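Please model the complete structure; the sequences and the hints are all you need to start from.
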Amino acid sequence: MRFEIMRLDDVDGIAIDSTVVDAASVKKIVQQAAATGERLYIRPAE
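At the far end of the sequence shown sits residue 129, using the working numbering, and the numbering has no gaps.
In short, the hints are calculated from the structure, not lab data. A quick note: this is a predicted structure, and the numbers were derived from the prediction, not measured. We put the CB at the ideal spot given by N, CA and C, even for glycine. Certain hints may be false.
[To be verified] As a list, the in silico SDA-like pairs of lysine to any residue whose alpha-carbon atoms are at most 25 Å apart:
#1 Lys-110 / Glu-121
#2 Lys-111 / Gly-96
#3 Lys-111 / Glu-129
[Said to hold, decoys possible] Between beta-carbon pairs, the in silico distance windows are:
#4 Gln-114 / Glu-87: 16 to 24 Å
#5 Glu-129 / Val-94: 26 to 34 Å
#6 Val-113 / Asp-92: 14 to 22 Å
#7 Arg-85 / Ala-116: 12 to 20 Å
As structure tokens, this is what we get:
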């Protein structure tokens, strides 16, 4: 399964970039974002 991960702006919450990754990569990206306080929006990709 693939997921779209959007990085969100800290001020407005607007998506500033987007990438599509496989399920195995999601955990790594989420851990990196948690360590830096980055906001993400994750949804299944079509």
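Hints, verified against the model:
| no. | hint | result |
| --- | --- | --- |
| 1 | Lys-110 / Glu-121 | holds (14 Å) |
| 2 | Lys-111 / Gly-96 | holds (22 Å) |
| 3 | Lys-111 / Glu-129 | holds (21 Å) |
| 4 | Gln-114 / Glu-87: 16 to 24 Å | holds (18 Å) |
| 5 | Glu-129 / Val-94: 26 to 34 Å | holds (29 Å) |
| 6 | Val-113 / Asp-92: 14 to 22 Å | holds (18 Å) |
| 7 | Arg-85 / Ala-116: 12 to 20 Å | holds (18 Å) |
The structure shown violates none of the earlier numbered hints.
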